[in-house]
Amino acid sequence: MTRRTARRDGVTTQSWCGKICRIVSLSLLGGICIVSLACEREKREFATSKPAESSYVPTSGTLQPGPTMVQSANGQPLNIPVIPATDGPYAGNAYGIAQGQRLFDQFNCSGCHSHGGGGMGPPLMDQDWIYGSDAAHIFATITEGRPGGMPSFRSKLTTDQVWMLVAYVQTLSGHGRKDLRTGRRDNMQMRSSEQNTQTPPPHAVGTQ
Amino acid sequence: MTAAMSPASRGPIDEDVQELARTWSRPPGFWGWLTTTEHKSIAKRYIITAFTFFLLGGLEAATMRLQLGRPENSVVGPDLYNQLFTMHGTTMMFLFAVPVMIAMGLYFVPLMLGTRNVAFPRLNAFGYYTYLIGGAFLYISFFCNTGPDAGWFNYVPLSGPMFSPGKRIDVWAQTITFTEIAALVGAVEIIVTTFKHRAPGMSLNRIPLFVWAMVVMSFAIIFAMPAVATDSLFLALDRSIDTHIFNPAEGGDALLWQHMFWFFGHPEVYIIFIPALGMVSSIVATFTQRQVFGYTAMVLSLIATGFISFGLWVHHMFAEPIPVLGESFFTAASTMIAIPSGVQIFCWIATVWTGRPRFQTPLLFVLGFFVVFIIGGMTGVMVASVPFDLQATDTYFVVAHLHYVLIGGGVFPLFGAFYYWFPKITGRLLSERLGRWQFWLFFVGMHVTFFPMHTLGFHGMPRRIYTYLAVTGWGPLNLVASIGAVIIFVSVVLFLVNVAKSWRGGAVAGPNPWHGDTLEWATTSPPQSYNFARIPVVVGRGGLWETPDEQPVVGGLRTDTREVLLTTLLDAEPESVHELPTDSIWPFLLALCMGITFISSIFAPWGALVGLGLGFLPALGWAWPTKPPQPERISPERAS
Amino acid sequence: MNSFCLVMAALAQPLPWIGEHSALDPSGTASKHVASLWWAMFWTSLVVYVIVMIALGYAAFRRRTNAPADATSSERLTPAPRSVHLTVGIATGVTVLILFIVVVTDFFTARAIATPATGAVHIKIIARQWWWYAVYSGDTVPQQQLSVANEIHVPVGKPIVFTLTSRDVIHSFWVPNLNGKTDAVPGYESNAWFRADTPGVYRGQCAEFCGLEHAKMAFTIVAESEEQYNKWYQAQLAPAVPTTDSLRSQGERVFMTGTCSSCHAIRGTGAGGTLGPELTHLASQRTIAAGTLQNTPDNLARWILDAQRIKPGAAMPSQELSSRDLNVLVAYLEGLR
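Protein chains in written order, with the numbering used here: chain A, 1 to 208; chain B, 1 to 640; chain C, 1 to 337.
Among these hints, one or two may not hold up.
[Said to hold, decoys possible] When the alpha-carbon atoms are kept at most 25 Å apart in a straight line, the in silico DMTMM-like pairs for lysine to aspartate or glutamate are as follows: (1) A:K156 with C:D325; (2) B:K627 with B:D583; (3) A:K178 with B:D79; (4) B:K196 with B:D571; (5) A:K156 with C:D306; (6) A:K156 with C:E334; (7) A:K156 with C:D168; (8) A:K156 with A:E45; (9) C:K124 with B:E250; (10) A:K178 with B:D242; (11) A:K43 with A:D179; (12) B:K44 with B:D583; (13) A:K43 with C:D306; (14) A:K178 with A:D105; (15) C:K32 with B:E327; (16) B:K627 with B:E579; (17) B:K627 with B:E575; (18) A:K43 with C:E334; (19) A:K43 with B:D242.
No lab work stands behind these hints: they were computed from the structure.
In isolation and in its complexed conformation, chain A is listed as follows (with noise of 0.2 Å):
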């Protein structure tokens, strides 16, 4: 890397190799933050078919409570900070998160949980969580059903559909970063969009 001088109108000139240097140790320092995070929330997955056996079949039992409890005897609300989540396969991919709305959409979960708001079903968009907030209990959830009134997907959905789903329905108590949450739907409108909902309360107002 010489330093090449030329003489032009009076003028010292400082060689090509030292500016681009620079710029491209700079730009280089800023990008490697963005790379990480970037890739893994654009990535198309498609999953293609696996053996029936699922690496990411859920060891946890099926109806554990999950580890926050939602009311005090006088039923109001206890101030415990809720356990994080742990995230699924889908957890940092926008992708998957998309099409775990598509599929909350097409399979009516609405039908029973509004749009997260709730009705014959829980809220999924308070920190309220009976069963679990990890994914894997989220996953358990789905696949067995629980009682009260959940049914059992199993045998309606693919473990990957699953998957989604679970990433989508994490993203509706708030969990995980705001750049992976899904925008407004084409539909009219029931509701802001995830990406734009505030961090939601710990209590749905007026749940049992």
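Guided by the hints, dock chains B and C onto chain A, whose structure is given.
This is chains B and C only, laid out in the frame that chain A set:
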């Protein structure tokens, strides 16, 4: 203000020239490079950056051709392929074609007009840095798997929030903002420089045709670019803060995107094409040693082309559910625009007919332009008809058409211009031998690649498909097209070799190796930072071909500050003297702040406000007065 | 001249290895008009192009020189002779005239192919990522309303009118042999039509970029005699063939208890999913996966097992089936004639 000078007896005084050099040159080192406002330096950067993007876009095209060479190939999958054709279109249209044309204007318009710099030197630098940041941002995103993947035209609802998850499309939308600002800056520079900074005596009817082409292009940019900027803003709003501009369920309209995009998109191709017409005029005049026939007709054709181009946009939407009666207006306009182009072609042929052509590389490329572009123009008239377009649109027929007009009508003249003006920019001639090889390879490769696509389109091959079934029978012609792509690749490599060899090792060119007539040939190769030791006074349209024995020059401009002469709009009579600012870091810093504004807004809408607030500081620095304003000196003739 | 005509005629025929579709091999009323328009424009353009190229070539070569340019020549500025002015003027006039004729011809063609107000059959097409859903309006009798996916039968010689819309993004409905394309835009209902003059199987493909699998969104138009069309129609209206043998019964059980029935419907059974195409008469179709594969048992098995490898990004997920389950399932589906 003007003084007659005989070149033999009273040349410029050496001390004056030395002081001029000191005043107009830039500080040494990297700081000088970063802060310069010298138009040729900035234009060179534009050209090199744009050409780098051309190479990247070409690699994307090569990868696509590799994938399509065989049916059901697996070189790239659908996701990467979609990113590739989007990047190819975006790169070529936004990052290469428009900036390189602007760059040629920024370099040569001040020279051809006989002035020392563009009208707003710091704004010029700001435009370049904005463009650089935008292009770098797009490519860094692409390498991070966040390259846009919904086409360079980005139709909603596919590019909307529901069907394009992640940040890919937001990256595209912000890239548009960067490149649009840079293009507007370039357009403003060219228009104001042309209208106010001409050498005395260069009335409107003596302006070189290249400059006229640049002015028409600039007006087209000013009217077209805001449409796409607004469109991409709407999309960014839909995607980030849940507006419903394109959501049919809530009263929005998917076709609105198309109208706004193509209102820009059609003039965009003329923004690329019209400067190329100017280049053709320059080359034809010089290499036939004859003034272009029909100056007035040529100028009016340029203006008519630019004007009519704003009335064509719906021809990109003939297959959409829009009223047929409305479509017919656009058929008429799309056919009509062939008339001014035809007039220009006839005038050039008349020039060649009455001149003495010398088949050097620039003229070869211009002849190639005729052969290729006219085919593209004719298929263009064909697709102007609605029934035919309904068969041809969105197929490889249109891919063939657009490459014939853009490569034939844009890239061929551009390569010709590179060969023509390389000696002026670097002081050395490009190799003629390599030039001929490059021309023929490029010409043949272009036909081999794109001609079969006409047939492919008829046989049902739609655009933007990452693969096709063998049973469709598209395999053999696709293979031919892919082989043609290899030939084009070789020709571009040859060009790079030619440039690398000739940059320092080519034959030394004097001030006017081609005996051209426009004013850029009246100064050294490469020109000094001050362009001309003395500003010439223009006496006719013939430029250097009718230099009187006593060449009048402008006297009385200060050499210790950066003074330029402003002249009147119509007849270029001297009007006033203006002092241009010295070099400055503020354009670079402001461009950085704009970058922060637009890039952060992708991830957090409030980032835009932070960036704008930050940008207030370099804007303040930019506008801060540095010394008391000099009183404007009015020429004695005007004052009376 | 003869050999030239032969070459031109040969180029006009569909090349022997080309599949079923070409706009230059028109089998429909509308596409025939367009093909005629194309040939008229093509020949006109060719003649004009040759004339311009001859003029350019002659101009370029007649006074060509390699001598260095003369810096003092006054020839550079002398005005051109009157004949040049005249020629340029005439050329411009002729150009305007030719373009005007082209536009007028175009308008007449456009009128000839305008969508008729009514047709013999009216079909509503709902384009989805990445398949086609067609609903026959059934002559206003609701029980006669038929919906099929991807393979559309029509009677030959009758105008068929389409109403197009989309459930998600913009798609484009295009059968090159029969007519130009019309886009299916969400929020809009667009109109299209064609009239097939020759019986045959015509391939169509989506022609507006619509996402990951835009390349694999084809469909088939089968134009047949009125009698055959009616027979097909009534057969399609019938519910699914009941299972009689044990192999197919096992397959039916796999279908009903597995993920299939949540997306696909089979009329006459309990499967009522609406997310994917109806499979009531799957075995009667020529292709599967929107024209991506020929409909054979092997292909069907491959598609069911690993759709994501064949058409990555499609809504059809790859399945987790044992090979035994897959075999009986395919046997069941291939019996749905």
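Between A:K43 and C:D306, does the CA-CA distance stay at or below 25 Å?
-> Holds. A:K43 to C:D306 sits at ~20 Å (cutoff 25 Å).
Decide if the proposed pair is consistent with the structure: A:K178 and B:D79, CA atoms, cutoff 25 Å inclusive.
-> holds (23 Å)
Given the hint that A:K43 pairs with A:D179, test it: the Cα-Cα distance must not exceed 25 Å.
-> holds (14 Å)
Is the Cα-Cα distance between B:K44 and B:D583 25 Å or less?
-> Measuring from Cα to Cα gives roughly 17 Å; hence the hint holds.
Within a Cα-Cα threshold of 25 Å, do C:K32 and B:E327 meet the stated pairing?
-> OK: C:K32 and B:E327 at ~21 Å, within 25 Å.
Do the alpha carbons of A:K43 and B:D242 lie within 25 Å of each other, as the hint requires?
-> holds (24 Å)
Is C:K124 within 25 Å of B:E250, Cα to Cα?
-> holds (23 Å)
Are A:K156 and C:D325 close enough, with their CA atoms no more than 25 Å apart?
-> holds (16 Å)
CA of A:K156 to CA of C:D168, is that 25 Å or under?
-> holds (23 Å)
Mind checking the alpha carbons of A:K178 and B:D242 for me, to see if they're no more than 25 Å apart?
-> holds (14 Å)
Given hint B:D571 paired with B:K196 - CA-CA distance at most 25 Å = Since the Cα atoms of B:K196 and B:D571 sit roughly 10 Å apart, the hinted pair holds (cutoff 25 Å).
Are the Cα atoms of B:K627 and B:E579 separated by 25 Å or less?
-> holds (12 Å)
Hint compliance for this structure: hint 18 alone is broken.
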